[in-house]
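Asks: Protein chains in written order, with the working numbering: chain Y, 11 to 243; chain Z, 465 to 675.
Hint data in this document are derived by calculation from the structure and do not stem from the laboratory. It is possible that some hints are incorrect.
Claimed, not checked - Each computed DSS-like pair below joins lysine-lysine, with the alpha-carbon atoms no more than 30 Å apart:
| hint | chain 1 | residue 1 | chain 2 | residue 2 |
| --- | --- | --- | --- | --- |
| 1 | Y | K126 | Y | K239 |
| 2 | Z | K545 | Y | K52 |
| 3 | Y | K233 | Z | K545 |
| 4 | Y | K232 | Z | K532 |
| 5 | Z | K643 | Y | K127 |
As the list claims (entries may be wrong) - Here are some chain Z residues pointing at chain Y (derived, C-beta under 8 Å):
| hint | residue |
| --- | --- |
| 6 | A526 |
| 7 | K529 |
| 8 | R530 |
| 9 | I629 |
| 10 | F633 |
| 11 | V634 |
| 12 | Q639 |
Each residue gets a CB set at the ideal place from its N, CA and C atoms; glycine is no exception.
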Amino acid sequence: MESESGSGSGSGDKPSDGTDDFETLISTTDVELLRRAWRNEKAAPEILRFETHLIDRVTGQLQLMEETVDDFVESGIDPLTVSLYQMDLDRTQFLLRSYLRIRIQKIEKFMFHILKKNELHDRLSKQERNFTRRYSEVIGKHLEESVLLNLPDNYQSLLRQSTTSEEDDMVAEPQMDTFVVCKAREYVGPSELQDSNKSLTTDLLMEMEPGELFFIPFKRIKKLLENGKVDLV
Amino acid sequence: MAVQPEPDYSLFTAQEIEFVAEDELIEIVPNMRMDPLNLICGDFGPFLPQIAARVPLWLAVALKKRGKCTIRPPEWMSVEKLTRVLEAERDSEREFQSLPFHYVEISRLLFDHARDDIPDIYMVRSLIEDIRDVRFHKVQSSLETFDGRTSAVQIKSLSAMEVNIVRPFVARALQSFHKLDSLLPDTDSMPNNQPQEADKAAKGRRVLRGR
Chain Y
11 MESESGSGSG SGDKPSDGTD DFETLISTTD VELLRRAWRN EKAAPEILRF
61 ETHLIDRVTG QLQLMEETVD DFVESGIDPL TVSLYQMDLD RTQFLLRSYL
111 RIRIQKIEKF MFHILKKNEL HDRLSKQERN FTRRYSEVIG KHLEESVLLN
161 LPDNYQSLLR QSTTSEEDDM VAEPQMDTFV VCKAREYVGP SELQDSNKSL
211 TTDLLMEMEP GELFFIPFKR IKKLLENGKV DLV
Chain Z
465 MAVQPEPDYS LFTAQEIEFV AEDELIEIVP NMRMDPLNLI CGDFGPFLPQ
515 IAARVPLWLA VALKKRGKCT IRPPEWMSVE KLTRVLEAER DSEREFQSLP
565 FHYVEISRLL FDHARDDIPD IYMVRSLIED IRDVRFHKVQ SSLETFDGRT
615 SAVQIKSLSA MEVNIVRPFV ARALQSFHKL DSLLPDTDSM PNNQPQEADK
665 AAKGRRVLRG R
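If we strip away everything but chain Z, and leave its shape as in the complex, we get:
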């Protein structure tokens, strides 16, 4: 008589991260005229043909799906800028380049819905994937530097998706370190659950449920 375990609401799913990202503002160029929208989350418009407007991403995607506008890709999404970011990421071992917090979600949504609005879309897409790979490798290698003395970890310029992926693992790892370190104040505590947890991280996201 197994009961479905209740979803743990304290973890963000990828869809929820995307939900938050959809509130970011983006520029569109409407091709029709529309009265101002007085939404709960803000007032937008009026919309006039060929005159750019800034709206939340979800609104832009909805309008785009109905063929009412074109979306202007954000300025960080150009081939030159991304190439520069990719090179900088490859050059620095520890540092993360500053990218918009929701760059993964924003680029994903635009690829899915606004293909024709992005110049050189294949180039842009492969650049972004490369950037994601390089950054994630950096995250993984910096995970190996944790030890019992780590009481806080600074992660400048990490993006929302990346944070969400490592969050369960890092939180549990740090907590185990902390606990084991406090139990044995004098010995060099090398918790032997580290290699297993590193494997879990390498295999992709695994939710580590708390007791």
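Okay, chain Y solo, but in the shape it has when bound:
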């Protein structure tokens, strides 16, 4: 006789792709969604969309859990249970912090690029946008005062090598053709793996069965990642 296995306590978003698997009928917990977002963010070379609702829910749950644990400690519930709750709390906090930390690291690396591209700028949360703005101002000012103003006139721009450059070539850009490991969550046909930039001489005639792992350039699966059809590992 077995007791029931764990069921989700959070109300995660159900994947909206219409497959009626047993898996999609159980709502995924917020922790699982957070874990997935964390993994994707870690593996992707550019910054992904900020999961505002998920993070809000998780932060709320964490606060609630902290209060619960405090209550438990006061009311003298057995220390084993308290320590288990605390462990779960710590684990979720780790995921959240690591997620935010990776994003900040990416922002710091690609700051000016993010400020230039609206598409990327939209992916940040409100606090991240504040951070980006202030950080870029501070860094810009620091670099100007300590280095740029001491260089000859034509080389004083923050974003360009010299005034003769045609574009902002001093801006670091994420490498979109980095190879990443991805796992398909559902069947992906060859047409979906075409790069929108048709300059590729070899079109990728490949299909992905659910659950298979692939090393593949990031730009090919960027769209699929946003649709939730693949996961990065």
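Starting from the known structure of chain Y, arrange chain Z on it as the hints suggest.
Replies: Frame of chain Y; chain Z shown alone:
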């Protein structure tokens, strides 16, 4: 005035892989009674003595450490099953047998914390180590088949730890291939950084930092 380089958060450490593996469900047999746990990651319990329950691995290990339960090894961890997997691995040159994604981490955690719950633990442990060796050799030899035309690599049934070990090397190698191939579209580009990178892989994991 050297500053410690900031850890590159885009690479998974082994501990982080283990962290992910610890959320896998496993069966335990508690020897005490406990109320249901309403954790953030799910609801588990109630726990009754001698009645099996499925909990995440981290929870099982925590309970086991305090002597509150015994852990039932997962069914793929039997001597017969593993012997069969090992033979199949040795027989097929290219294919990897399908093992649970986190088999390395799960078996490691169980060996460390639940020795008495695993029958024939020495046999099981040596089988798993052999399987790891054979698989890793296969990975290494299939790495030699990369060339400039490789635009994607399918790696069915590789496990999480194995993926993590080869990931930095393969990503960089494929990218170099790609770049060199796109620079010289007509010649047969044989990048000469391949032997060095293969050595690095043979020496074990070396993180190849991107520019």
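Asks: Determine for every hint whether it applies to the structure shown.
Replies: Tested hints:
Taken as a hint, the K126/Y and K239/Y pair is honoured in the structure, with Cα atoms around 28 Å apart against an allowance of 30 Å. Annotation: proposed proximity of K545/Z to K52/Y is violated, straight-line Cα distance about 35 Å (limit 30 Å). Between K233/Y and K545/Z the CA atoms are separated by roughly 40 Å; this puts the pair beyond 30 Å, and the hint is violated. With a C-alpha separation of about 46 Å, the suggested pairing of K232/Y with K532/Z is violated against the 30 Å cut-off.
Of the supplied pair hints, the one linking K643/Z and K127/Y holds, its CA atoms being roughly 25 Å apart against a limit of 30 Å. For A526/Z, the shortest C-beta to C-beta distance to chain Y is roughly 6 Å, which falls under 8 Å, so the interface hint holds. Annotation: K529/Z was flagged as interfacial toward chain Y, and the flag is violated, the nearest CB pair being 10 Å apart, outside 8 Å. With a least beta-carbon distance of about 6 Å to chain Y, the hint placing R530/Z at the interface is held under the 8 Å criterion.
This hint is violated: I629/Z has a C-beta 12 Å from the nearest C-beta of chain Y, more than the 8 Å allowed. For F633/Z, the interface hint is violated, the least distance from its beta-carbon to any beta-carbon of chain Y being 11 Å, above 8 Å. Among the interface hints, the one on V634/Z holds; its C-beta lies about 6 Å from the nearest C-beta in chain Y, closer than the 8 Å criterion. Checking Q639/Z against chain Y by beta carbon gives a least distance of about 6 Å; that is within 8 Å, so the hint holds.
Checked against the numbered hints listed earlier, the structure breaks hints 2, 3, 4, 7, 9 and 10; every other hint is satisfied.
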